[in-house]
Each structure stands twice: as C-alpha cells, then as structure tokens.
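Participant: One letter stands for each residue in the lines below.
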Amino acid sequence: MTEADNNQGAGRIRGYEAFMKEVEQPPEPPQPPEPEEYLVVDLELIIPGIGILPIRGTIKRDNGA
Amino acid sequence: MYWSTLFYISYFVYFKEFNVNLSKMKKVMFDAKEAEGGIKVIIEFYSKDELSMALCSGVLFTEAVDSELPMVYAMVRSKTALENLSKDSRIKTIWKDETAYAVPFPSCYYNPQLNDAVPLQGIDRIWDEGYTGKGIVIGIADTGISDHPDLVGRILKRGNTIGNSPDDGHGHGTGCASCAGGNGKVYRGVAPECSFISVKVLDDNGSGKLSSVMNGINWFMRSDLHHVDVISLSVGASMILNDGSDPLSQTCALAVRKGYTVVVAAGNSGPKVGSVSVPGCREEVITVGASDKSDRLAFFSGRGPCVDGRIKPDIVGVGVDVVMARAPGTSMGKPVDDQYTVASGTSFSTPQVAGLCALMLEKKKRTPQQIKEILMSTAKKLEV
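Chains as they are written, first to last, in the working numbering: chain A, 1274 to 1338; chain B, 97 to 480.
Mixed in with the good hints there might be a few duds.
Unchecked claim - The calculated lysine-lysine pairs, modelled on DSS-like cross-linking and capped at a C-alpha distance of 25 angstroms, are: (1) K1294(A) / K460(B); (2) K389(B) / K368(B); (3) K1294(A) / K183(B); (4) K230(B) / K461(B); (5) K175(B) / K129(B); (6) K144(B) / K123(B); (7) K1294(A) / K389(B); (8) K459(B) / K1294(A); (9) K1294(A) / K477(B); (10) K253(B) / K461(B); (11) K354(B) / K1294(A); (12) K476(B) / K1294(A); (13) K281(B) / K354(B); (14) K144(B) / K188(B); (15) K188(B) / K123(B); (16) K183(B) / K122(B); (17) K461(B) / K1294(A); (18) K123(B) / K183(B); (19) K136(B) / K183(B); (20) K122(B) / K175(B); (21) K354(B) / K253(B); (22) K476(B) / K368(B); (23) K459(B) / K281(B); (24) K354(B) / K230(B).
The set of hints was computed from the structure by calculation and includes no laboratory data.
Next comes chain A alone, as it looks inside the complex:
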C-alpha cells in the first residue's frame, strides 16, 4: 500500500477504455455427471436351512419409472 493508493485508489477514470473493456466470463461450472445407466443392486437370498446368500447384480435404469 502506497500513499498514492490511499490518495487516488487505482487512479482517474478513463471512460472509453472502461466502456470498451470486456470482462472475461467465468468458466461454465462443470455439469453434474449423467446418471449411470445401470444400477448396482445388492440382494440377499435367504435359503431355509442353508443360510443367507449375498448376490450382487446390475439392473438397467428405467428413466420413466
């Protein structure tokens, strides 16, 4: 910080230069990822007398659901 800064800030306005200056647009924010087409599903198959059998599978996403 200098004395000049505290007296005049950035300085005297230059109208035409300010008018013509284009500001850089901020970059587009990243789009959220598309939802996966397949969902991973964990199921548990209960077999009486044997026990629980874990099963992992995929099912196709139904966008209309």
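Put chain B on the given structure of chain A with help from the hints.
Facilitator: Just chain B now, with coordinates in the frame of chain A:
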C-alpha cells in the same frame, strides 16, 4: 505477530487522529454523555429473529428499519436507559443517528473551462459509439432534484425521506443529477439520455441523518415500486469508525449484494490521512475521489486508508470546477448564470462515475463487482 502488532499500531494512530471519544459502555458507538436529554439511535441486533420492538424502559419509540438488516431506530431518553439497553444480549451495536451531509466544496480555483471534464475522461468517444444511457435509471439520493431544462422529462419519480417535499431547495442534488446525465448543449453530463429516480434524503441546508439516507437507499431497493440500475450517493457522515460497519455502510453493501451498482463520494476532508467518510469507506461500493482538469489530485479529496487498513478511494474523477445545472432559486457553488453554477467536490466526480456506469450497463449487463473491477483496471494513475 508482526502483522497484528502493526495493525494495532495503525489502529491506534487513526483513532488518535479522529480524536475518538468512544463510550465505555460495551456496544455503544458514541459518547454516552450525548444520551442525556434524549438521543435518536440505530440499534443493530444479532439477527432479525431477535429484533424486538419492546426494548426496555427509557426507550421512547422504535421503528423497524425497512430492510433485511436487523436494525431499529429508537429514541433513548437518558444515559441510564442507554446503559440498560447496552446490557441486552440480543443487541450487537448501538449507533447514534449521526448527521449526514451533502459534500460540496467551494470552488477552489474557479477556472471554469466548463465542459472539458467529459472529454478528458473519454466520455464523448462513448457517445460516438451510440451509447448515451438510454433505458438506464440512476437513483440520486441527495437534496432532491428540481425541474431544469437539462433534466426535463427524465425524472421518473421523486420521493423524500426528509421534509415535506421532494423539491431541491439547496441545489446539490440537481447539480449532481446534471453531472450524471444533464443533456445541455454545452454543459452535458456523462449519460445524457439516462432516466432518474430522485429521493430527497437531505434537507434544504444540505444535511440529514443516517436514518434519512438509509431510508432513501431502502426505497430505491423497493423493486415492487420501481427499477433502479445505479445509485449515486454524494453524501457523507463523519463517524467514529470508518471501517464500514455503520448502519448506512451496511445498507449500501446490501444494495450491492442485491445487484445495484452503488457509487459513493469519498468526502472532502482531505488531505488528512484516513479521511474517507461514511459510507465511502465500505468495501463493496465504488468510492470516488476528485482530481482537477490537469490530472492533479484535489487537495480536499478524502484519503485512505480506512481505519481497518483498507485502501480507499477506489478511483477518482474530475471534481474541481465542474459546471452543473443550477436549481431554480438556489445559490450553491458560484453561479455562472440563471441556469448553471460551478462547484467542486467529490460530490460531483461521483455522479459522473455513476453516469459512466450507466453507459457501461447500457452496452452490456454486468454485475456491480465487474463494473468496479473494470473501472479500476482501466484507470490512469496520477502524479502525486
């Protein structure tokens, strides 16, 4: 450690310079002795939820501030009542409703080369591009705007938060409006086809209160009533702290957050260090100092830094020997003839910058932050 030490040293220095006499009461931002006999204050609560109209005994009346800020205006009867109020745990700060002034300075050189401020600042080249402020509304919060040939037909609305009439019996507001957008053949403002909404927040002596100015800014923000693009405020108050925490500065910051470009005068208390007035000290606003037509800084232009060390003003514009519209029957400045007067001050560089903001907005929609950044990054550094 080093930096914090430096901060406290500078804090002390500026306090000394301002001759501060802060109250010993916690939260009270003025000398409590002033409360004897009654005083109007602005009470800031921690949140809007805690805002209470029933404060305590000794508070004569309260009125909520018409904004999103958690504040009320109140009349406190005595020092004892103030002391009781200061113990209320819901209350953050108690401010005196200080006097606010129009900030003209007598013409110091009287070198009325009149209409050369506009070309010096490159404004005529913008007109050549076809931009004159058409469709952009500048809000002038000042002593009102009177009918003048250079403004006729472009004052969309006139309100007042002080006195009984929105008319300008002082001349300051009319002069400021013409600097922003007068369309005289010789003495032309920066945005000669802009429109205006005026609110009279200062009386015919050029003075008002923080509350009257706050009410004016809040009225501009009533988007259900009207539309304002740029707010020009050539008004200042000397507060104990020019750190931007006062109610008027907070109101201006709220306006910026809502998308209004707020341009504020730095005040005419220079060349003393730390002399930028309230609300020019607020970070979010565009604070304007004054230079002359030879690109020398005006001696009266308010200087930074603010009490918390921030640099202000942000920019300067021509504010010495500016010719402007003269409100009928007024004698502010040094009258040139029946229609015009010449005066100096950051009051008059400020509306020129507001006019430039209008031209920039006419070309392309921009945020207040973008406008400020552009103005500062394209400015010309002057010799000190």
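Participant: Evaluate each hint against the coordinates.
Facilitator: Evaluation of the provided hints:
The straight-line distance between the Cα atoms of K1294(A) and K460(B) is roughly 11 angstroms, inside the 25 angstroms bound, and the hint therefore holds. About 22 angstroms separates the Cα atoms of K389(B) and K368(B), which keeps this hinted pair within 25 angstroms; it holds. For the proposed pair K1294(A) and K183(B), the alpha carbon gap of about 52 angstroms is over 25 angstroms, so the pair is violated. For the proposed pair K230(B) and K461(B), the alpha carbon gap of about 13 angstroms is at most 25 angstroms, so the pair holds.
Proximity of K175(B) to K129(B) is assessed by CA-CA distance (about 6 angstroms); at most 25 angstroms being required, the pair is judged to hold. For the proposed pair K144(B) and K123(B), the alpha carbon gap of about 18 angstroms is at most 25 angstroms, so the pair holds. Using a Cα cut-off of 25 angstroms, the hinted pair K1294(A) and K389(B) holds, with the two alpha carbons roughly 24 angstroms apart. Proposed proximity of K459(B) and K1294(A) is supported: the alpha carbons are some 11 angstroms apart, at most 25 angstroms.
As the CA atoms of K1294(A) and K477(B) are separated by approximately 18 angstroms, the hinted pair is consistent with the 25 angstroms bound. Restraint check for K253(B) and K461(B): the C-alpha separation of about 23 angstroms stays at or below 25 angstroms, so the hint holds. Pair hint K354(B) plus K1294(A) holds up; C-alpha atoms about 24 angstroms apart against a cutoff of 25 angstroms. The hinted pair formed by K476(B) and K1294(A) meets the criterion: a straight-line CA distance of about 14 angstroms does not exceed 25 angstroms.
For a cut-off of 25 angstroms, the pair hint linking K281(B) to K354(B) is broken: about 36 angstroms separates their Cα positions. Note on K144(B) and K188(B): the hinted pairing holds, with a Cα-Cα distance of about 12 angstroms set against a maximum of 25 angstroms. Between K188(B) and K123(B), the direct Cα distance comes to roughly 6 angstroms. Compliance with the 25 angstroms bound is thereby established for this hinted pair. Between K183(B) and K122(B), the direct Cα distance comes to roughly 8 angstroms. Compliance with the 25 angstroms bound is thereby established for this hinted pair.
Distance hint between K461(B) and K1294(A) is fulfilled; the C-alpha atoms sit about 13 angstroms from each other, no more than 25 angstroms. Between the alpha carbons of K123(B) and K183(B) the distance comes to roughly 9 angstroms, so the proposed pair stays at or under 25 angstroms and holds. The hinted pair formed by K136(B) and K183(B) meets the criterion: a straight-line CA distance of about 18 angstroms does not exceed 25 angstroms. Annotation: proposed proximity of K122(B) to K175(B) holds, straight-line Cα distance about 13 angstroms (limit 25 angstroms).
Proposed proximity of K354(B) and K253(B) is supported: the alpha carbons are some 21 angstroms apart, at most 25 angstroms. Distance check on the hinted pair: K476(B) and K368(B) sit about 23 angstroms apart at the alpha-carbon level, within 25 angstroms; holds. A distance of roughly 23 angstroms separates the Cα atoms of K459(B) and K281(B); the hinted pair therefore holds under the 25 angstroms criterion. Taking the CA atoms of K354(B) and K230(B), the gap is near 22 angstroms; set against the 25 angstroms cutoff, the hint holds.
In this structure, the earlier hints numbered 3 and 13 are contradicted, and the remaining ones agree with it.
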